[in-house]
Amino acid sequence: VSWFFLCMGNLFGASWAYVELGWGGYWAWDPVENAAFMPLIIATAYLHSVMIQEKKDMMKVWNMSLVLLTFVMTIFGTFITRSGLIQSVHTFDEATLGYYFLGFLFFIIAVCSVMIVWRLPLLKSKNELDSFLSREASFLFNNLLLLGIGFATFWGTIFPIISEAVRGIKITVGPPFYNQVNVPIGLALLALIGIGPVIAWRRATWSNLKKNFHKPVAVALVGGAVLYPILPLSNRSEIYTFIAFILCMFVTSSILLEFFKGTMARSQSHEETTVGALGSMIWHNKRRYGGYVVHIGVVMIYAGIAASQSYGTHIEKRMKIGDTIEISDYMLRYEKIAAVQATSVKTRIIAQLAVERDGRRIWTARPEKEFYKGQTQPVSEVDVRSTLASDLYVILADFSEDDSATIKVYYNPMVSWLWMGGWVIALGTMVCAWPDRLEQRRRLERLKRQEIVFSPAQE
2 VSWFFLCMGN LFGASWAYVE LGWGGYWAWD PVENAAFMPL IIATAYLHSV
52 MIQEKKDMMK VWNMSLVLLT FVMTIFGTFI TRSGLIQSVH TFDEATLGYY
102 FLGFLFFIIA VCSVMIVWRL PLLKSKNELD SFLSREASFL FNNLLLLGIG
152 FATFWGTIFP IISEAVRGIK ITVGPPFYNQ VNVPIGLALL ALIGIGPVIA
202 WRRATWSNLK KNFHKPVAVA LVGGAVLYPI LPLSNRSEIY TFIAFILCMF
252 VTSSILLEFF KGTMARSQSH EETTVGALGS MIWHNKRRYG GYVVHIGVVM
302 IYAGIAASQS YGTHIEKRMK IGDTIEISDY MLRYEKIAAV QATSVKTRII
352 AQLAVERDGR RIWTARPEKE FYKGQTQPVS EVDVRSTLAS DLYVILADFS
402 EDDSATIKVY YNPMVSWLWM GGWVIALGTM VCAWPDRLEQ RRRLERLKRQ
452 EIVFSPAQE
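The opening residue of the sequence shown carries number 2 in this note's numbering; numbering runs sequentially from there.
Hints in this document: simulated from the structure, not taken from any laboratory.
Keep in mind it's a predicted model, so treat the numbers as computed, not measured.
The beta carbon of each residue, even a glycine, is placed where N, CA and C say it ideally should be.
Be a bit skeptical, because a hint or two may be false.
[What the hints assert, rightly or not] Here are the computed distance ranges between Cβ atoms for each label pair: (1) PRO230 / PRO185: 16 to 26 Å; (2) SER235 / ALA153: 39 to 49 Å; (3) LEU445 / ILE109: 24 to 34 Å; (4) THR206 / GLU129: 14 to 24 Å; (5) SER387 / ALA340: 25 to 35 Å; (6) HIS271 / ARG120: 36 to 46 Å; (7) VAL341 / GLY169: 48 to 58 Å.
Could you build the full structure based on these sequences and the hints that come with them?
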């Protein structure tokens, strides 16, 4: 549940930045954004590796370390926000609490380390990894990739502090660094999302691999062949996006195939209708199929990020009444600008642009700037037309008394897939977290069999 709220917090924060900050994007690898992202990444690693502990009584020390590291990263994020040591639009410039959080950070690191060492005899695992071709191994690789993304993000976040301490010059790390490092790791992680839940426990045979993956691989290859002549592949970013789309098709088809096989098997064994079998199957395996739904949401987010980052375009133009801007298959005509006294303390400057496609008017964009009494800095209010295929994002950047204005227009493909993916994740999490008495009894029985006893009286 805490993972869900942290995940939704990141997505709502990205949505807020997209709509309210008026710069055309939703994620800038800002230090405070990173501060919320790092605990989410580590907590995600824990959610996967703890399944190995439940099933195979393995990785107890590793899982405990991940839980504690998630808490440490949460406090570290608070330290970044409140210390003012790292520049961000979200930090508190005159904050005085930073050193208290730094001291608390060192304190919890020391306490967590002592706790793990103290409980090490009770945390030793009885089983070992049997094969690298197994679900356990795929989850372990998943953990390593997630921690790789977390470490790269952590290093980029603290690098300005390190560079200033060592060389006396604060060197800021921008989005190119994060994208160059995290995108390849993220693609490998996407592939594992399709492999991990389907591959066999303990040891997978080649026949098992062929049985489970030949259809998803075929779908991905056919999809890639269809997309190859359509998508531009002129730079590294576009190649990464092409690979991401292929992997998205692979993961989605492998998940849907699991739903199909499970539904058909239950329908035949219990003589239920297809819809009834699907509902019963999900109800009796909430964590498994809820997790699949979460993975579909993650795939949607991957697709939205890949398309918007590689194929998005923007134009900025100084316009007079009647001037036009063409972007993608849209044409925007600047019609008018007007001042509206909204309240006694707020004045709105609203520009109006007609948006046409194929010679037909489809929308009227009204970006604006708001001026508040006693403040010199205006607030931009963008106007966005969002569809499944793309967003048209219009900003009033500047204006003059002669009614001319500087207009920025962004064409962002598939951004809405991020927000829809978030709601799919919410649905999957609700399914996973729905109370299940049978599953609770199974967990208690597993705990008794594993004899996990942390009470000092029973040591």
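Verification of the supplied hints:
1. PRO230 / PRO185: 16 to 26 Å: The hinted range 16 to 26 Å holds for PRO230 and PRO185, with Cβ atoms some 25 Å apart.
2. SER235 / ALA153: 39 to 49 Å: Given a distance of about 26 Å, which is not inside 39 to 49 Å, the answer is violated.
3. LEU445 / ILE109: 24 to 34 Å: 30 Å, holds
4. THR206 / GLU129: 14 to 24 Å: Taking Cβ atoms as reference, THR206 and GLU129 lie about 19 Å apart, which means the hint holds.
5. SER387 / ALA340: 25 to 35 Å: Cβ of SER387 to Cβ of ALA340: about 27 Å, so the range 25 to 35 Å holds.
6. HIS271 / ARG120: 36 to 46 Å: Between HIS271 and ARG120, where Cβ atoms are some 45 Å apart, the hint holds.
7. VAL341 / GLY169: 48 to 58 Å: Between VAL341 and GLY169, where Cβ atoms are some 51 Å apart, the hint holds.
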